[in-house]
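A.B. asks: Residue numbers (our numbering), protein chains in the order written: chain L, 429 to 790; chain P, 429 to 790; chain Y, 429 to 790.
FYI, nobody ran anything at the bench for these hints, they're computed from the structure.
Please note that the accuracy of each hint is not assured.
Identical chains share a label here; the pair holds if one copy fits it or two copies do between them.
[Stated by the list, open to error] Keeping only pairs whose Cα atoms sit at most 16 Å apart, straight-line, the calculated EDC-like set for lysine to aspartate or glutamate is:
(1) 750 / 764
(2) 546 / 747
(3) 699 / 625
(4) 663 / 625
(5) 472 / 456
None of the values given here were measured: they were computed from a predicted structure.
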Amino acid sequence: MKEKPKAGTPSYTLEELARLLECKVEGDGATVITGAAGLENAGKGDIVFLAGPKFRGALEASRASAAIIPEGESFPSLPVLKAANPHLTFVRAVELLFVPYRPEPGIHPTASVSPTAKIGPGVSVGAFTVVGDGAEVGEGAVLFPLVSVYPRVKIGAGSIIHSHVSIREDVRIGERVILHCGVVIGADGFGFLPNPDGTHHKIPQKGTVIIEDDVEVGANSTIDRAALGETIVRKGTKIDDLVMVAHNVDVGENTLLAAQTGIAGSSRVGKNVIMAGQVGIADHLEIGDRVIIAAKSGVTKSIPAGSFVAGVPHLDILDWRKFWVTAPLLYDLVKDFKKLRARVEELEKKLGEKDPAGKGKL
Amino acid sequence: MKEKPKAGTPSYTLEELARLLECKVEGDGATVITGAAGLENAGKGDIVFLAGPKFRGALEASRASAAIIPEGESFPSLPVLKAANPHLTFVRAVELLFVPYRPEPGIHPTASVSPTAKIGPGVSVGAFTVVGDGAEVGEGAVLFPLVSVYPRVKIGAGSIIHSHVSIREDVRIGERVILHCGVVIGADGFGFLPNPDGTHHKIPQKGTVIIEDDVEVGANSTIDRAALGETIVRKGTKIDDLVMVAHNVDVGENTLLAAQTGIAGSSRVGKNVIMAGQVGIADHLEIGDRVIIAAKSGVTKSIPAGSFVAGVPHLDILDWRKFWVTAPLLYDLVKDFKKLRARVEELEKKLGEKDPAGKGKL
Amino acid sequence: MKEKPKAGTPSYTLEELARLLECKVEGDGATVITGAAGLENAGKGDIVFLAGPKFRGALEASRASAAIIPEGESFPSLPVLKAANPHLTFVRAVELLFVPYRPEPGIHPTASVSPTAKIGPGVSVGAFTVVGDGAEVGEGAVLFPLVSVYPRVKIGAGSIIHSHVSIREDVRIGERVILHCGVVIGADGFGFLPNPDGTHHKIPQKGTVIIEDDVEVGANSTIDRAALGETIVRKGTKIDDLVMVAHNVDVGENTLLAAQTGIAGSSRVGKNVIMAGQVGIADHLEIGDRVIIAAKSGVTKSIPAGSFVAGVPHLDILDWRKFWVTAPLLYDLVKDFKKLRARVEELEKKLGEKDPAGKGKL
């Protein structure tokens, strides 16, 4: 999207929005739009979108000033924009109408920036943020207050680093990366060798982490540095809150990791994979491209591309569903089995079956 | 409880405690009580409580100076307080005897407080704590060192915000709220639209979070802001460590969420719900009032009020128990089934059953 | 290991390494070693190790300058060190070749150290780190920037406390402890008493936490203070990221807790226990020494020493494996059972079985 939102608290006529969003307008193009909302909460000045025909009644009842609807439909009682993908067009409208909070460029007087750090133009460094020796922060990046950037870290242009993020030494962060509050990138991986006396010998974690462009990492997630080499999160991957990515893991492009998921050491995850929440991946596995893993699954073996799995240990989703259709029947099955066996015994007796060796009996 | 603990390191005679706690004393009311402890660790000066008759032996063996016992009972060898609810009365005694650490009121000289922020009387703002433009902090609230309060946040009177908490812009925190170290309130929700090329388009998270009065949130938990509208945690709800509450979730009053639980986007949780540890709730569900969810459950459908569920996918607790009574029998059941089938085949042969079409056969 | 690595970016001849690591060298002892790597990524100057015979081909193809191999083997095409435990010797070589980043000793001018705190010789206190009243930091300890040390905390000699760690009042940290970024030690435990009106009465958490010597705690993990008494993590135990240890838990020596594991209140864990990732332990349990708990298990009962368990609820590992071998067969079993029952009915009819009372029927 090339258009830039207006500064301050923006407002647009519907006609202006139509032009910026490349849509057709139907109804009063002079309608002033000052906000965007869900159908239920919308008020005067808000634009909403119609997610599907079943929401037409809710749209009728809504107090919104305008709506974005699918191209093939019409909605005479409200001025509308018509879009091939109403949700995406709505999201772009929100981007025009909603200017997220960003601190001013400049280095806060209380920040502790090493004289050997390189700070690009237009960078914002917040209060009490620490930037270590030899670190580099690219053009227009934002370091909110209370960020800890260890020495020799590289942060690409346009990245946004929220409060209480820690980025350990030598980690490389790409461009337009968003790290939410409390994220830790590059803590030591969990690696020990057993000593004969039962104590553990720490394996030095001398590797690093590479976070590629356009990655987003949710609050309090942790991505550990490699023992040797690099832990990598590739371009466009989005990670939710409280996720754990262990040392030497390689997460492919455009993958989604929902909250509280954990990936153990050295596993490789493909592109466009989706892990729902609280998934666990064992170490040294290969998860193929476009794999979908249901929430709470525990993956114990590598998974070929395009699979959809669920459960602990994971099963193909169809097998998992068959299992859980069956599970509630099993308690009665055990009882019914005993009854049936008694009937078979009865039949055997009736037939004068005497089997002195017990052959064929349970 | 209206009584206030004495300042410093408080001590009380048993008689004083009896008056403050509205109990009867039996035995030497002049006994000096300086602390409270568990039965096993109690020493001279400590008061303990009797949780039930089976602990009478342990109380006999204890070195405590006094005990709180149920109203109907007696314990001649020790001075006692008699209470309808000995545990609750003990907790109130602990509150009198134990003054938790609180920093002095006042703004630490190193704190970075915006000139446009409103700081109420008696507030404590710790070293290197940042309070953004237009933020408001109510009377007597405590911000420990190294807290990040983004612009326009409201924090109610008497709330306690520990070190390394991040509160994002526009979030509203009620009165007497406790946020433990590392909590993140108002990070962006995890919302993306798929682009045709497999990349993800971020949905702006323009909503906020409301934390109502008397809520407590455990260390490093994260409560994300809404996409539109508000994520809400209602009055009196208590949240443990490392819990994740996603965007647009609504958690009812007096609910308990134990550690590492996660609630996905837009789900609504009722009042007085209990989720044990590591529970996962899928998105857009309704969890009724007083529902109990066993630890590690994965909830995939809405749950009516008053239910008790367990498992992944969740089952009614009785069905879950029946299933897990049955599970260890199934390995043998499969073998036994094969044997029984062989016996039936044998019977069929004996009866001269020739069934050329295989009708009725497996 | 008594040997100290050289300062700066160290390099060694193979002969020097052999002497320091107490190994025999075979081949050119003058080979200069400047780094250590995995077989695939090694370049000139790197030393690698041979994990087993199946990697001999990869070693042949590697560009490493030297290798550490088992004592019984030989590898003529490369200079080698021969070691009883090549992996351990390699790790010790890495320790010599890789000097992890440590800030200089001294108190950063921006740090806020209470005048009543005792700071030992050689301690490093980073920018904006807060050390509260009466706290003690032992010789050579490192507090990175932005650490929050509450009053009366004790930190032992040689411990390393990374950015954004919070250590609550009165907590005791042993010697050579490593706390990674974002760790919270001593937050209030999750303890409440129910009031008759459905609200919750907070149980004061007046206990503390003891972290013994040589413990390591991963990023963003939380270890809560005891209600009364102490939460203890004993000597040499290693804890991964995002782990939750609740109030009054006692974790024995040399135990390993992998990522996202949670241990509920008052449970006692033995020595040399291994919990894989995302394990949950219910409250008030006893986990014996050397117990192994598979990833994602939910432990609902105490476990005797030496056991290996898996599942939710946990089963002995053999039972768990038998169950999951059986699970995929159950859907068909239910169908097959119905067919077999029909065959038995057919037989009963054939035998003229008329059972008017339904006796023996299902």
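A.B. asks: State whether the alpha carbon distance between residue 699 and residue 625 is at most 16 Å within one copy, between copies, both, or neither.
C.D. replies: Intra 43 Å, inter 12 Å, cutoff 16 Å: inter-copy only.
A.B. asks: Evaluate residue 472 and residue 456 at a C-alpha cut-off of 16 Å and name the case that applies: within, between, both or neither.
C.D. replies: within (15 Å within a copy, 71 Å between copies)
A.B. asks: With identical chains treated as interchangeable, where does the CA-CA distance between residue 750 and residue 764 reach 16 Å or less: within a copy, between copies, both, or neither?
C.D. replies: The answer is between: 15 Å across copies meets 16 Å, while 20 Å in one copy does not.
A.B. asks: For residue 546 and residue 747, with the copy left unspecified, which applies at a CA distance of at most 16 Å: within, between, both, or neither?
C.D. replies: Answer is neither; intra-copy 55 Å and inter-copy 59 Å both fail.
A.B. asks: When Cα atoms must be at most 16 Å apart, do residue 663 and residue 625 count as within-copy, between-copy, both, or neither?
C.D. replies: between (44 Å within a copy, 13 Å between copies)
When held up to the earlier numbered hints, the structure conflicts with hint 2 and nothing else.
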